[in-house]
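Peer 1: Here are the chains, one letter per residue:
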Amino acid sequence: MARLTINGETRDIEVDPETPLLWVLREQAGLTGTKFGCGIAQCGACTVHIDGVATRSCAMPVSAIAQDQQIVTIEGLSEDGSHPVQQAWLALDVPQCGYCQAGMIMAAAALLNSTPKPNDDDISAEITNICRCGTYNRVRAAIKLAAETASASQKG
Amino acid sequence: MTVAIFSRRKFLIGTAAAAGGLSLGFHVPFAAQAQERSAIQPEVNAWVLIRPDDTVVIRIARSEMGQGTLTGLAQLAAEELDCDWSKVTTEYPTPGDSLRRNRIWGSFATGGSRGIRESHEYVRQGGAAAREMLVAAAATLWKVPANECSAANSVITHASSGRTVTYGAVASLAAQMPPPTNVRLKNPKDWKIAGKPLPRLDTPDKLTGKQVYGVDLKLPGMLNAAIKACPVFGGKVASFDAAAASGMPGVRKIVQVDETAVAVVADTWWQAHSALNALPIVWDEGPNTNVTSETIASMLREGLDAEDAVVGTAIGDARAALADSAKVVTATYSFPYQAHATMEPMNATARYTTDKCEVWVPTQNGEASLVAAAEASGLPIEQCEVNKLHLGGGFGRRGAYQEYVRQAVRLAKEFPGTPVKLIWSREEDMLHGAYHPVTQCRFSAALDASGTVAALHMRISGQSILWPLRAEVRETGRDPAVFQGLRDGGTEDAFGYTIPNLLIDHAMRNPPVPPGFWRGVNLNQNALYVECFIDELAHEAGTDPLDFRRKLLVNHPKHLAVLEAVAERVGWEKPPGNGIHRGLAQIMGFGSYVAAAAEVSVTDGQLKIHRIVAATDPGHIVNPAQAERQVEGSFVYGLSACLFGECTISGGRVEQENFDTYEVMRMDQMPAVETILMPSGDFWGGVGEPTIAVAGPAVLNAVFAATGKRIRQLPLKNNNLGV
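Taken in sequence, the protein lines are chains A and B. Residue numbers for the first sequence follow the numbering used here, beginning at 1 and rising by one. Residue numbers for the second sequence follow the numbering used here, beginning at 1 and rising by one.
Bear in mind the hints are in silico, worked out from the structure with no lab data behind them. Computed from a predicted model, the values in this text were never measured in an experiment. Glycine included, every Cβ here is placed at the ideal spot set by N, Cα and C. Be a bit skeptical, because a hint or two may be false.
What the hints assert, rightly or not - In silico BS3-like links for lysine-lysine, alpha-carbon gap of 27 Å or less:
#1 B/K87 / B/K192
#2 B/K189 / B/K327
#3 B/K210 / A/K144
#4 A/K144 / B/K196
#5 B/K608 / B/K196
#6 B/K218 / B/K356
#7 B/K608 / A/K117
#8 B/K236 / B/K253
#9 B/K608 / A/K144
#10 B/K558 / B/K189
#11 B/K236 / B/K87
#12 B/K558 / B/K413
Claimed, not checked - Covered stretches of chain A, as calculated for chain B (at least 3 residues, CB under 8 Å):
#13 10-24
#14 31-45
#15 106-118
#16 133-145
Chain B with its partners taken away, still in its complex shape (with noise of 0.2 Å):
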């Protein structure tokens, strides 16, 4: 049985990583195809199933969650397939199917902007391999050479002899072919599929309603529940008077799901949720009663000046240089705890019998999915299965952490045989998040009389995603994670700026409120810091700041060329109109260039973004019509936490429980956002999550040029300006 390959454990950190975007390394048995093939009939090869009508279903591992990737992915599929475009539809294979079949869809983990970048070479190399015995199998049946046959738009020609045949009507056929060893991939200038701005595959059916997404589930005879955990971090139900709401209508059983949560299962949901308001629930709130914003920055304050530090980028002497400087200027930075607020709460459904488990769920990583119901279920992950469904939005919150399939898993067990929905209210969803961390960040630069910066030191003080899940980030105190976009080189994220003296680094302070992957993750915080404080220098020094960037920038061409893409269209060198205020910033992160320009007026007290013109460089974009939508959609995840976005902690939990106290970017803030989209070929950049980074600090550095004032605390709401 492959299962005996990884051991659980490994197989459980392994996805646990990857979905908060770690690279995991594996490799797609492309060879081992044949053994392992599935005895469905139209199934060319694990990708491609073809039906006689012609019907082209790829199959694609990673989620949909908005972000593209099912049409992107199958839009590299069909292009190596050589498909008809207009027949293909996608299908989620299975995680336990995976797993039988060594897991020959590779990663399931959908996060860091890694759903294409990632699978890119697998799923063409998939479309290819079908299409080469595809060919192999009209040869045959032609009994001609395969080499004389060429395949297009589902249809294989013998030019000498003028037959053809389409697709459908060798698919059997090809399934017998011996999948092929090597297969050469088009050059990305020849694609005639990918790189185009295809409409998307999922659109129509979320325009009637009949997408099923996870909360829409419904199965026979399926129950319904409702659950709260501890409000405050750390706590345990203490006790419940379950005979208080279990003969209100509908309910089936009162259930204490673990230490922590108390769930009611009913009919509907909304009589289990009716009853669990109803239910007297005594917590017992544990060691963090005392925990608020302010005790957890003030942990994060002493981390700035700590003599203990994790050193991320070190390059020269940043301290001598900074202590012999004339000129050191200083600013200090913080970035609140966000939470995800995906418009669909958490939810997922099991059923359970003494011999299988399974789960449906929406999850950005099925994978880990799976893990989570073989452990809650303790049937062996053999036995288990789970079902994707569309996700209501991602973020970052459904991949590494899965405590509702766990909670769902449990509930079901309690009812053998019947499938238990278990869907999160808002409340629930909002204090029990796995939020975007909480960081401080000191800077002190040294300017010499030229303008120049001699030396720069960074430090972070605060919170580490990696900690909960990681052990030798336990053991070193050492979060790569956390210099995200900050590195000396490399193709992940690079620090563009050269500075001749530069020390980066990180003292962790891990307050408890549990914290997750957040899309952008610590790319955000780090590029608002660093974009803002250069703007800062910039000021200091007396020069333009698109001129200083320039300077800084001139070792990496590419992240200039975003810089000076935006602000070339934005109209930099010319004046802007009256009233209007320019900013800028640049990152790169999850391998791609980005850069925003914002307009922004500010008139008795009220802030309006007008314009933002954002650039970016992911190396190939596989399709420019769903690359736009991620940077615009951008714009409002980054703006709605960098001018409203805050969970603020009282009593050890968070303050904010639905979207009257968490407020969030409207219509009537979104500002016009024209997108350029420049790839430069050679390599493979995320789009879902960079250019959030950008979003804050351009329009920071906007509010400053139109206000004179320097906004260093996060969000902008709580600065005296109106948003």
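With the rest of the complex left out, here is chain A (with noise of 0.2 Å):
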């Protein structure tokens, strides 16, 4: 059994708890916007937040998740596809097969939280995940993008 916070819903779930929490999410919680790439935290895929922070979760076993902590997905990012960095993928068509896009969108909104103007080399950085279609220009200039829309937000 294990209690998580996912989307801001508290769910008991039952589950052996050295289960990844990425098959949590798509085979308990029926959240399959996540997914699975790799199963060893190289290739970014299974990207969620976990406080806030970009967590691959194909490696990480739900025991090691307390209830009070915060499990976003990309289901959970936004209600309607409004996050600052969906609408910028949504404006400069980033995806191509898609797949791998729910974990880049995760990795560049928690970019956007703790660096809200990222440079060349922080996205470099921390932008680490596999896209084999080969995205990673539009995804960089989404980023930018989504920078620049969410701190005129604020200032507006």
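Hints in hand, dock the two standalone chains.
Peer 2: Now the structure itself:
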């Protein structure tokens, strides 16, 4: 049994505590937006936020997560795709196959939380997710666009 | 029944070959639509459904795997339909429906950069035919001649009476109209929807987690399976101790799937995966345990000198000219195995009953998946169906080989009526690929006193992708796909350089590692070999590499035009910035002309790729924004292979099992890419693959400019250069 707070909702989930968070999200919580890519925290397709920090959920057992820690998945980033990162992604039509993009978006949103105006080096250092279609340059541009729109809306 | 038209076997071969990008001829039976038309009311014809609320549903048979084909084909149909683009959605027809309707949607195969270039005509005709039927319906309603009515933006207008009606209002009546036997297609210069950089139709769901990929499918009562096949190629299951894992949580059954693989079926995938890892399996590793990368390299080296070789291109007498030449330049190159490494691992879901087999699968070839379902279920193909799901990457892995479908069906047969979803682990995916084949290449060139290439012999030794797929290749030892980009003329992939004595031949050597179509296919290494060696010859002749190519490309203006375009944009005639060095490459492949210029620096043994300029002439461009993304993405795929990509073999198996050892390009290594789209009209070339082939050689030629070191053995990381 695990008690987890996912997208603002506390859930009791019947599961082996060693199960990685990724599979609890996908199979018990029914949140399949978070993707399985490698299982060893290499590719970032499984990135979610735990207390606002980008975390690769495929190699993190749910036993390591306290019930008051806030887990946010792509489904919970915004109710309607209105998060500045999602909006920037839409404006620049970033995804190709799209499989890695939920992880990319979650990683980008966490980066902007900690570094509202990231420079190229910040982006290169923090966004280490793998994309095989080749969206990297548009991901970079969308992060910068999201940073601008977020700061503009704060000023406004 | 339509299936009787072609035998199962013929169909299998046809779809397998088509998946890899070979032409599969078929006739799209437009005139037959009247008899074949479905009873679904809002269906105007097979391509177009229009609902009463004016929503337009365009059916797309090719698969969307990121390349934008779904949006591009919809643009083409919508253009001819003259509909309101904001009301357009798409759906996949099923391969089973297509069979029942005399293959009305043509080929489902999505490979060889053929998604648009091979279906644009009948998809446009489908849209145009629907428009004419809608207009005819309105004319019938108004009792006026159809030629007095016009259509635009989903509205039909009778100008003289001022009457208008929307498509949705006449769609049912239109479906009753006789389909036109001939339709006139628009001139591309009049396009309003096609040819425009419209946003993709499938983006919004990819930003919120809503998009359902194969791994995400949920069906009522569904079980989940994990699988392990013998990691050694050609090995089998000897035994396994089911009792050791059958009591683990959630486990329903432990199944030997076929000779080579064992699977655990459980309530959840994580339970299945955990039990499989705890399951002791003894492998009979078979005859290949002594195979290593070195034994394979040695097998290929022998082919470089073999007497016996299949000739691809022969002009003049290269051997005699080389024998007579005062100066012969030689070089040997090699290109290693590559894994596709799609982000979504292989998977399929199946539900079997004694009279029906249904499969849900992300596939590049729905018809090949259908054949696999029929074979594995043992049911007639008419009783099988495939539901295509979005692909988390394809790159050629999800076409010709459909073993995950067969495995899922075999597992589903153990649980009649219950759907079973099989997902491969990343390790399974890496160990059981259909790998980019391995080749070596030896060049011998005769340079005369004026620095002209008087003769060139290019000997390729290595693996054939078509050998496992086609009997005639096995019988003759001739694989035409090996000569991609090296052909003497033609509209697909003509060799651009005019050399009076030219011999290109292939000694087929097939190691026991399964080959497959890998985005870019054989154009990748052929372009790398040729473009690096041409660069070598230019330096040998003391000529600027651009001038050297200009002279050789004099008879191929389209090859030259893309090269000139990148040279101009990169500023070839001006010296680069401090510490920056440049390289060039060009090739024709998949019906398109492509070129790249790279700017790199090498500082303290560390390579940095600063900037890429790429040009492509695919004849026509249906969506320039998507074409740009394909060109950009090509550098990620091509440079991942060039810099790091390598599956090494030891003990008859692949050594890399995950992204920790199979490195791919990440954000920090990605150069800026400037794309020049220069469609010259009159032909239809592919976009998704050709540019990959120039990514590697442009960078390698720039590395030579920077270091004076010619890298001939890939990947680059094995050459004492930090990447």
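Peer 1: Does each hint hold? Answer for all of them.
Peer 2: How the hints compare with the structure:
Using a Cα cut-off of 27 Å, the hinted pair B/K87 and B/K192 holds, with the two alpha carbons roughly 15 Å apart. Only pairs whose Cα atoms come within 27 Å are accepted, and B/K189 paired with B/K327 is rejected, the gap being roughly 51 Å. Distance restraint check for B/K210 and A/K144: the Cα-Cα separation of roughly 25 Å lies within the 27 Å cut-off, and the hinted pair is therefore satisfied. With a C-alpha separation of about 26 Å, the suggested pairing of A/K144 with B/K196 holds against the 27 Å cut-off.
Restraint check for B/K608 and B/K196: not satisfied, since their Cα atoms lie roughly 35 Å apart, outside the 27 Å limit. Distance restraint check for B/K218 and B/K356: the Cα-Cα separation of roughly 19 Å lies within the 27 Å cut-off, and the hinted pair is therefore satisfied. Our distance criterion of 27 Å between C-alpha atoms is met by B/K608 and A/K117, whose separation comes to about 25 Å. At most 27 Å may separate the alpha-carbon atoms for a hinted pair to count; B/K236 and B/K253 meet this at roughly 20 Å.
A threshold of 27 Å between alpha carbons decides the hint, and for B/K608 with A/K144 the separation of about 22 Å falls inside it, so the pair holds. Pair hint B/K558 plus B/K189 holds up; C-alpha atoms about 20 Å apart against a cutoff of 27 Å. For the given pair, B/K236 sits about 53 Å from B/K87 by alpha-carbon distance, which is inconsistent with the 27 Å threshold. Using a Cα cut-off of 27 Å, the hinted pair B/K558 and B/K413 is violated, with the two alpha carbons roughly 54 Å apart.
Residue count for the stretch 10-24 of chain A with a Cβ under 8 Å from a Cβ of chain B: 4. That meets the three needed, and the coverage hint holds. Judged by the Cβ-Cβ criterion of 8 Å, the stretch 31-45 of chain A is covered by chain B as claimed, because 13 of its residues qualify and three suffice. Chain B is given as covering the stretch 106-118 of chain A, and this is violated because 0 residues of the stretch bring a CB closer than 8 Å to a CB of that chain, at least three being needed. Here the stretch 133-145 of chain A counts 8 residues with a CB under 8 Å from a CB of chain B, which clears the bar of 3, and the coverage holds.
Hints 2, 5, 11, 12, 15 from the earlier list are contradicted by this structure; the remaining hints agree with it.
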